[in-house]
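Student: So the sequences go chain by chain: D, A and C. Position 22, counted from 1, in the first sequence is what this note's numbering calls 22; the numbers after and before it change by one each time, with no gaps. Position 70, counted from 1, in the second sequence is what this note's numbering calls 70; the numbers after and before it change by one each time, with no gaps. Position 216, counted from 1, in the third sequence is what this note's numbering calls 216; the numbers after and before it change by one each time, with no gaps.
You can trust all of the hints, since none of them are fake.
Derived coverage of chain A by chain D (criterion: at least 3 residues anywhere in the stretch with Cβ under 8 Å from a Cβ of chain D; other residues may be distant):
1. 17-30
2. 33-44
3. 104-116
4. 137-151
5. 224-230
Think of the hints as simulated: they come from the structure by calculation, not from any bench. Note that the coordinates shown come from a computational prediction; the quantities given were computed from them, not determined experimentally. Ideal Cβ placement from N, Cα and C applies to all residues, glycine included.
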Amino acid sequence: MSESRRRKMRTAVLLLAPAVAVLLGVFVLPMLYILLMSFQNKQEHISLVNYATLVQDPYYLQVLWRTIKLSLLTVLACLVFGYPVAMYMAQASSKMRGIVTFLIIAPHLVSVVIRNFGWVILLGEKGLINNVLMQAGLIDKPLRLMYNELGVVIGLTDSFMVYMVLAIATSMYQIDVSLYKAAGILGAGKLRTFLNVVVPMTLPGMLAGSTLVFSLSMSSFVTLALMGGTSVKVLPVIAYEKIMTELNWQLGASISFLLLFSTVALVTLFTRLVETKRYKEVFSS
Amino acid sequence: MSRKFSPLGIIAFIVVLFVISPLLVVIPTSLTSVKYLSFPPIGFSLQWYSKIWDRPEFVDSFLFSLELAALTAVIATLVGTMSGLALHKYRFRGSGTVNGLLLSPLTVPALIIGIAVLLFFTRIGLAGTFTGLLLAHVLISVPYVVRLVLTGLSSFDYTLERAAYIMGAKPLRVFIDITLPILKPAVMSGMIFAFLTSFDNVTVSLFLVSPTTTTLPLAIFSHMQESLDPLVASISALVILLSLVFIIILERVYGLDRLFGSNSHSH
Amino acid sequence: MSKSFDVELINVQKKFGTNVVVDDFNLQIEQGECVSFLGPSGCGKTTTLNMIAGFLEPDRGDLLIKGKRMNGTPSNKRDLGMVFQTYSLFPHMTIFENVAYGLKLRKVSKAETKRRVDKVLDLVKLPHVAERYPKQLSGGQRQRIAIARALVTEPTLLLLDEPLSNLDAKLREELREEIKRLQRDIGVTTIFVTHDQEEALYMSNRIVVLDHGKVEQIGTPWDNNRPASEFVHTFIGKSNRLTGVVERVLDHTLELKTDTGISLRAVRRNDCFAAGDKVSIYMRPESIALHVEQRHSAATNVAKGTVKLTSFLGAYSECEIDIGQTVLTVRLQSVEQDGWLSPGMHVYTEWKPEDVFVFARKENGR
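With the sequences and hints as input, model every part of the structure.
Tutor: Okay, structure coming up:
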């Protein structure tokens, strides 16, 4: 027994060794290294100067707030537009469900740079939307649809819609059809059934989707750079600037952790707010 | 109850259109004959495709990206499959923790991984090297492979291995003849997914490419920040078509819906 | 020592942690024998089989195959054939490739492989499925293929791990006949693990009854009418159980009285009862006779009762007879029954002293 168990353990260790090595060398150590660095000043002495700067300079708090605001708007947009899609998928034939699932997921496997480029074409001064509105005579000079916060939210919503739709759809699929019927027997109208049965039942899906979309939005960089232009400063963008242009690595490292911790804190807070006692009783098995 | 024109169906259609439209408009735009981006495109020409060849940075970065993604895919698949097997077949005390640890790079934003790896690699002299870039790409791809292999193993019947073993096969033979072929869909999907993860990546590469070699998405990214012309459209169109091939293989081999469990990136 | 056996287990013990799953297992199997391991789940039968197969190593004791000590020898060098409950055909290989796999590993030539595969497929009566994949076969067909695959390498020992449990009743009977025929024809030494006593009785030359990792009895199917322990008795076949006390101990018989007041006499076996001992009394349904009138004047081994229920079960019928606070199950050949019994009828149940089995009742009782 112990002999064969030892042999099994040895095999497991050998098989895991490369992955653990990569994980340690390319993830754990680097993370610890920049954590340490965030507590150092430019002379590499232990210091709280970076975090003091972040807290004291209102600029950084403004940027943090903008980052959170844009992420929340993205979550909201994904919820509002993603929910009907998930509902549609839940009641569509399996063939249609397959097609919608494919069309929602497939674009996600193409680089974000290219998807954002597509938006640049659509939203630009001579893009589809401005062309249509001009032709229709609704506007006489092109609208500014990107290189501002609007463009960022559009780009992020497109990028992360897939997660919201799939998360909600998963909890939709779990609703027992008999629940609709039961609600019908009890005399609930369509809207009532929706509000009293469907929405509460999909709360876990909405929560999962929202926290995921929120976390991903908070740390998005590419879309911000391509569709926000130079005017929309968020934490990832200034972290990049500090490190790559100003070469202030210590401050850059501390911005990274500000980003990480504010995301985790907000997600936890949000989850707590939604997962009330009653929610836990219903959904934790 | 005909659902063909239900309001829900219409909203779903609009949202799906919203998600795929940025990719749909790229191809017609690449065929424009003018020098600026416009939609609908003006005129028709293939000039922007022929112009790709005058821009060695795109051709080179494309080849470089292919090479990097292929290597990443092979290494990540090997490393990830080995880990998946270790975690499932040789389950041991603490394997749950190791599993969580292996998937943890998914929970930290790519941007922060990029920053951390850059600063650490600068310290140990790997920054700007191909090895450094490759290692970072392997890191972000391995979790997907591990997850897919674990899913594949969850329905694997280990008595098949016993059956082969008792028929006289040595352990390695059992693995090659029995385990691997049955896990093939999961392993292959893992490999394609790892390839796409590397091939699409911008955020991590951004911090790790050397001044002389760059990846294709990064070349497009840099070019877009300087000028917007239909050249990007023609390159993007080619990348979309290439990705489509892989996406269709993935769909056939494994199914995209299974690939994206709803909580795929959290936890 | 002089006689050589195909399989020998000597004082084999296996623990999982502190839990002893197989304890002090001793068994010798002769060439060509079919031995069943019979017992409920968790009795250690599968663990023992896995040790013989080489999937597990015994913690103590020796395992010999063809006189050679096998402890530590990996499965792939033991020259065994095995059939699993779940068929375990390789889904990505055709039937031919599945069956030929063992031969391929032994580097048998192509022509010879073809000949031998065809032969075993003929043996299991499925010569036409070679090019199909396992998914395209029914459960029964798959298990036949699994048997063919296990036999094609002509192993020293064939291990059957509950091979019939995933099949429905009709197929199960069909296939067990076929396995028996094959086993006898080929003469391969076989170990058959099952929880179904009927299967064990049908298939094997000898039955090893296991309970909680201990061998309760090793014997021929006929021995099971002389069970060694209460467990064996309750496990092997349906039995009527009464509780009572020993009234008197005579030279060859025991006089008993049930708690409901019926007097019985039982043949003494290797027991050491004393008057007043609390006992469990067992009678098999098929050893109880029914009569409309009382045949003997003797008041022992006879009880008056009322027919509660009769059920026709094909070759035999079962009746439930209420003998006052106790219901006896009685099994009759259907030809015997022939419709003369009906619910509500008064009958006399009668049995012979040699058909009464008595076991000491443990205080906590069962």
